[in-house]
Every structure is written in structure tokens, then in C-alpha cells.
Amino acid sequence: MHRPFSYKLNIFLFLLPALILFIGILIAPIVMSAYYSLTEWNGLGTPAFIGFKNYVELFTSKSINITRALKNAMLLALLSVCIQLPFSLLLALTLSRHVKGERWYLAIYFMPVLISSVVIGQLWIKIYNPEYGALNMFLRSIGLDSWTRIWLGDKNVAFGACLVPILWQYVGYHMLLMYAGIKGMPADLNEAAMLDGCTPAQVSWYITIPYIRPILRVSVIFAVTGSLKSFDMIYVLTNGGPNHATELPSTLMINLLFLRNRYGMGSTIAVMLIVLCFFFAMLINFMFKEEK
Amino acid sequence: MSARSTKVNQADIPVADQHHFKWTDVLVQVGLVLWAIICLFPVYWMFTFSLKSNEEIFGANVMGLPQKWLWENYSRALNVGNMGQYFLNSLIVTVVSIVFVLIASIMATYAMTRLQWKGRKKMNSFFMLGLTIPIHAAIVPLYTTLSRLSMLNTYWALIIPYAAFSLSMGILISIGFMGDIPYDLDEAAFLDGCGVWGIFFRVIVPLMLPAVSTIGIYTFLQCWNELMFATVFISKEAYKTLPVGIQGLSGQYTTEWGPIGAALAMATIPMLVVYIFLSKQIQESFIAGAVKG
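Heads up: the sequence lines are chains D and V, in that order.
The first sequence: position 267 = 267 (my numbering), numbered continuously.
Numbers given in my numbering equal positions in the second sequence, counted from 1, plus 292.
Note that these hints are calculated values from the structure, not bench results.
These figures come from a predicted structure and were not determined experimentally.
Built from N, CA and C at the ideal position, the CB exists for glycine as well.
There could be a bad hint or two in this list.
[As the list claims (entries may be wrong)] 27 Å max Cα-Cα, derived BS3-like pairs, lysine-lysine:
| # | chain 1 | residue 1 | chain 2 | residue 2 |
| --- | --- | --- | --- | --- |
| 1 | D | LYS100 | D | LYS183 |
| 2 | D | LYS155 | D | LYS71 |
| 3 | D | LYS183 | D | LYS71 |
| 4 | D | LYS53 | D | LYS71 |
| 5 | D | LYS100 | V | LYS314 |
| 6 | V | LYS572 | D | LYS289 |
| 7 | D | LYS229 | D | LYS155 |
| 8 | V | LYS572 | D | LYS100 |
| 9 | D | LYS289 | D | LYS53 |
| 10 | V | LYS413 | D | LYS8 |
| 11 | D | LYS289 | D | LYS229 |
| 12 | D | LYS62 | D | LYS183 |
| 13 | V | LYS413 | D | LYS289 |
| 14 | D | LYS8 | V | LYS414 |
| 15 | D | LYS62 | D | LYS155 |
| 16 | V | LYS572 | D | LYS183 |
| 17 | V | LYS314 | D | LYS183 |
| 18 | D | LYS289 | D | LYS183 |
| 19 | V | LYS572 | D | LYS8 |
[Stated by the list, open to error] If you want the footprint, here are the derived chain V segments under chain D, 3+ residues with CB under 8 Å:
| # | region |
| --- | --- |
| 20 | 380 to 386 |
| 21 | 457 to 467 |
| 22 | 558 to 564 |
[Said to hold, decoys possible] Here are some of the chain V residues that sit facing chain D, going by a computed Cβ distance under 10 Å:
| # | residue |
| --- | --- |
| 23 | TRP361 |
| 24 | TRP409 |
| 25 | ILE473 |
| 26 | GLY487 |
| 27 | LEU501 |
| 28 | PRO502 |
| 29 | THR523 |
| 30 | SER542 |
| 31 | GLN544 |
| 32 | SER571 |
| 33 | ALA582 |
Taking the hints into account, I'd like the entire structure generated from these sequences.
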């Protein structure tokens with residue numbers, strides 16, 4: 001094709017809307033966040049540059065207590081990888097074997113992913129309601145009165161109570177990814193193994209799971225970075241309470257910003273989260289390569 | 293990883309022999325039905341208590357279908373709870389965001405795949421950076437900038453960030469679809485006298501309709517339930533989207549479970565209806581989102 005004089009201009013014009021959005025809303029704010037994280041700023045006036053003081057304070061301050069938030073996030077990540085993912089894999093392996101009602105189960109298991117976390121959170125608040133909630137009512141009805149708790153108000157059980165809906169909601173998501181991976185396998189792979197006398201369990205272990213390894217990697221990355229970034233459900237259920245027992249890095253960030261007007265420190269947490277997410281994504285990629 | 297997977301595998305053995313032992317078949321079905329009940333129970337419970345009075349919810353009839361169907365709960369959620377406004381706001385924000393993502397991503401994809409220039413590959417990788425950037429990265433600068441421009445509590449405060457954060461995926465999906473359009477068509481149009489823009493509007497855009505639906509669904513799912521930006525950028529009733537709105541309502545009317553249930557149900561029904569009709573496409577857009585994520 002020949003190139004008219006205006007060719008370069010046209011390229012630029014075609015890219016313009018995407019560039020404006022992308023640079024204006026993603027790239028520039030990241031640079032600004034990195035700068036704000038080095039400042040003390042209450043949102044008014046100009047940010048005062050203080051170097052790495054925010055980072056020092058973040059990891060030493062008892063009142064912010066980032067360690068607890070990070071521990072909570074890591075516990076969520078751990079349970080997500082050790083319970084949620086294997087369970088999703090079990091569902092995916094079972095469903096992909098032409099079980100009766102396969103499509104129905106798939107559709108039902110995936111449904112919670114699509115419902116707003118606010119709706120699911122509000123429902124679980126009602127399920128956990130100490131007096132009228134379904135959980136305590138059920139416990140009382142089978143004579144286990146001593147097991148009843150103020151689920152979201154007792155700092156010893158609140159985070160555990162929050163974990164249940166968070167883990168429950170996304171089982172369907174991971175299951176769907178793994179199911180799609182299994183269905184994308186060439187059929188003759190399985191058939192050949194079956195002809196060689198493998199039991200279906202052996203086929204899963206030696207053929208299917210290694211085949212969907214790239215998808216398992218994606219699932220693990222999503223589970224870990226998703227746990228670090230997790231916000232919606234905790235914000236709805238407890239907003240970090242009681243007495244900060246269920247705080248996650250994101251809820252801490254939002255509360256520092258909007259309750260204490262600490263824009264510098266809020267940015268510091270944001271930057272820490274981005275770095276942690278990239279670090280874990282790279283670590284997981286590395287681990288999946290090493291095992292090969 | 294391996295130890296856990298072994299366990300998964302052993303638990304799977306009964307499924308293996310389904311053609312020989314019927315009872316294992318039954319066992320699998322029981323397990324699957326049990327998990328289906330666990331997935332459906334909160335939604336079932338929401339719909340039933342949304343139609344009940346407090347007396348029924350709190351004692352007389354906790355789990356069953358409503359004895360008296362209180363449709364008033366829904367009209368209360370609409371009139372007192374302002375659900376109509378929230379719904380409209382969510383719809384406006386989501387639809388305009390989708391339009392922005394479509395325009396920006398299809399145009400950029402055209403420039404990066406059909407037009408010849410140095411650096412188009414690099415430009416593509418640049419856009420793909422967006423797939424890994426969490427929204428946390430932008431929240432403080434966006435908040436302070438929007439506040440300085442007096443743009444908090446407007447539709448734009450959500451539309452622009454939503455569009456920007458869905459853009460990378462929009463481009464990724466467009467590239468796949470545009471690659472399937474044969475170059476011969478461009479050349480034919482060029483010989484017929486079309487310029488760069490003519491080819492784009494007369495050849496490419498009409499053939500990108502399948503991409504439009506995939507990108508549209510993906511962006512819809514990203515925006516409709518988004519909470520963090522929406523709670524931070526919007527505090528005025530008139531601009532609250534559904535998630536922020538029902539969160540506010542639930543805090544305000546903690547004791548009125550019936551109308552709150554109705555509000556929750558009203559926020560959920562549109563998504564469920566869309567899911568019933570487009571379950572395959574929705575599942576596929578999630579899979580597409582994960583392949584490169």
C-alpha cells in the first residue's frame with residue numbers, strides 16, 4: 001500500500017482515544033501514586049516530600065498494624081490455594097466426564113461469581129445474624145446452643161466467618177477455567193491412555209492435570225493476587241472490624257485515606273500492594289517453570 | 293501442589309468406574325447436588341425473605357416459601373429505597389463505559405494490526421501492561437484529581453476509570469477477532485478507492501460485531517458490580533450505582549429485612565436474566581479474560 005502524507009497522522013488519530021484513557025487513567029496515576037507514597041499529605045495544599053518515612057512508619061506503626069492485614073491476606077491466599085483450588089479442580093474433573101446434568105451444574109456453580117459482592121455480603125450478614133440468622137437458628141434447632149456465636153462481632157471468629165463467603169463465591173470461577181482447559185484437550189490423548197490400560201484416575205493424574213498446568217498457574221496467580229487485593233466482601237461484612245480483626249491491606253488503605261485523610265500513607269499501601277502482586281505473580285510463574 | 297492433587301485424584305476414583313458400579317454414579321450425583329444447593333441457597337433464601345414480613349423471617353417461617361407474599365416489599369424498595377435511580381445510574385455508567393471501551397479498543401487495534409509502522413508491537417505490549425495493574429494503583433490520584441476538577445459525584449467519575457481499566461482486555465479481545473478478518477478485504481476496498489478511514493468504517497467495523505458482544509459482556513461484568521471506585525468517588529444519592537446504593541440502604545434499614553431483601557433481589561435479577569440468556573457467552577468472556585491475564 002502506498003502511504004499518503006497523512007498516514008502518520010491517521011495512525012496517531014486511531015490510537016488517540018486509547019492512549020488518552022490509558023495514559024491518563026492508568027500510567028499517570030501510578031507515577032503519581034509512587035510520588036505521593038513519599039509524601040505527607042492530607043489532601044489539601046501541596047504534598048510535603050518526606051522520603052521513605054511512610055514506608056518506615058507503615059511497617060513499624062502499631063496503630064496501622066499492616067502486619068495483621070498482611071497476615072489476614074496471606075491466610076486468605078493460603079486457604080484459597082490449598083482448599084478452594086483443589087476443590088474447584090475436583091469439580092472440574094468430575095463435571096468434564098460427561099456427568100448427567102453437566103451443563104446445569106456448571107451454570108449453577110458459576111452463578112455466585114456474577115452476583116454482586118454487596119448482595120452476597122449482605123445475605124451472609126443476615127445468615128450470621130446472632131439472633132435471627134440462619135446459622136445460629138440452625139445450631140439452636142439441633143441442640144448446639146453452645147456453638148452459636150456473634151459471628152461477625154467476635155474478634156476470634158470474625159475473620160474465619162468472612163473467609164467462608166469469600167472462598168465460596170469464587171469456587172465456580174476457578175472451576176470454569178479448569179473445566180474449559182480440560183475440555184480443550186485433544187480427545188485422542190485420553191483415549192490413547194485408556195487403551196494403554198490407565199484407569200480414569202490415572203488419566204486425570206498423569207494426563208489431564210499436567211495438560212492443564214498453564215491454567216492451574218493462572219488460577220494460582222489469580223487466587224494469590226486476588227487475595228492480596230481483596231476488598232469488596234470484607235468492606236461489606238465488617239469493614240475491617242471488630243477492633244481491626246478482619247482488616248485487609250485494601251480496607252486499611254481506604255480507611256487511612258477517607259477516615260484519617262492520610263493520602264501519602266494510603267498511596268504507600270497502594271504501592272506496596274502493586275509490588276507484592278507483581279512479586280507473587282513472578283514467583284508463581286517461576287515455581288511452575290522449575291517443577292517441569 | 294502435588295500432594296494436594298493426589299488427594300483430589302483419589303477422591304475422584306469412584307467417578308472412574310461409573311459404567312460398572314451404579315452406586316458410585318449416585319454418590320457423585322449426591323455430592324454435585326449438595327454443592328448446587330450450597331450455591332443456590334443464599335439466592336433462594338434472598339428471594340423468599342424478600343417477600344416475607346419480619347414475623348415470618350424472624351420465627352414463624354424462616355426457611356419456607358412465604359405464607360403471605362408481600363409484594364409491598366418491592367414497591368417499598370423502589371419508592372423509599374430509590375432502587376430505580378440506582379438501577380438507572382448503573383445502566384448509564386455501564387453502557388457508556390462499554391461504548392468508550394469499544395471505540396477506543398477497536399480503533400487502537402486497527403492502528404496496531406492493519407496499519408504498517410515501526411513500534412506497533414511495542415505499543416501493543418504497552419497496552420497489555422494494563423492487564424496486570426490493580427485498580428488500587430490509581431485510586432488516590434484519581435480521587436484527588438477528580439475532586440480538584442469537581443468531578444466527584446458525576447457519571448464521568450466512574451465511566452472514565454471503568455473504561456480505562458477495561459481497555460487492555462478490550463484490545464486483547466479485538467486483536468483476536470480482527471486477525472480473523474482477511475487482508476484481501478482491505479486490499480479490495482483500497483482498490484475501490486477507500487482510504488484508511490473508509491476501510492475502517494466500511495470493512496472492519498461491520499465485521500467486528502462478534503467482538504463487540506464479547507467485549508461488551510466483559511466490560512459489563514467488570515462495571516456492573518464494581519464497588520471500590522464507586523464507594524470512593526460517589527456519595528450523592530443521585531449518582532449512586534446499585535452496589536453503593538444497596539450497601540447504603542442495608543446500613544440505614546438494618547431491621548427491615550423484607551424490603552432490604554427486595555432491594556438485593558432487584559439488584560440481582562437483571563444479572564440473572566442476562567445470565568440465563570447468555571450463559572455460554574458470559575462463561576466464554578471470563579475464560580478469554582483469564583487466558584492471558
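Restraint status (C-alpha distance of LYS289 (chain D) to LYS183 (chain D) at most 27 Å): holds, 23 Å
Count the residues of the region 380 to 386 of chain V whose CB lies closer than 8 Å to any CB of chain D, then report whether that count reaches three. violated (count 0)
Within the region 457 to 467 of chain V, is the number of residues with a Cβ closer than 8 Å to a Cβ of chain D three or more? holds (count 4)
Against the 27 Å threshold, does the CA-CA distance of LYS413 (chain V) and LYS289 (chain D) hold or violate the hint? holds, 26 Å
Distance restraint between LYS183 (chain D) and LYS71 (chain D), which requires alpha-carbon spacing of 27 Å or less: violated, 37 Å
Checking hints one by one. Is SER571 (chain V) an interface residue toward chain D, by the C-beta closer than 10 Å rule? holds, 5 Å
Run the distance test for LYS572 (chain V) versus LYS100 (chain D): straight-line Cα separation, threshold 27 Å. Within the cut-off at roughly 18 Å; holds.
Pair hint outcome, LYS289 (chain D) versus LYS53 (chain D) [Cα-Cα no greater than 27 Å]: violated, 38 Å
For the pair supplied as a hint, LYS572 (chain V) and LYS8 (chain D), is the alpha-carbon distance within the 27 Å limit? Distance of about 41 Å is beyond 27 Å: violated.
Quick check on the hint: PRO502 (chain V) CB to chain D CB, less than 10 Å? violated, 18 Å
For a C-alpha distance cap of 27 Å, please report whether LYS413 (chain V) and LYS8 (chain D) respect it. Given that 27 Å is the threshold and the Cα spacing comes to 16 Å, the pair holds.
Would you check the hint for LYS572 (chain V) and LYS183 (chain D), treating anything up to 27 Å between C-alpha atoms as holding? Status holds; Cα separation ~14 Å.
When each numbered hint is compared with the structure, violations occur for hints 3, 6, 9, 12, 19, 20, 23, 25, 27, 28 and 31.
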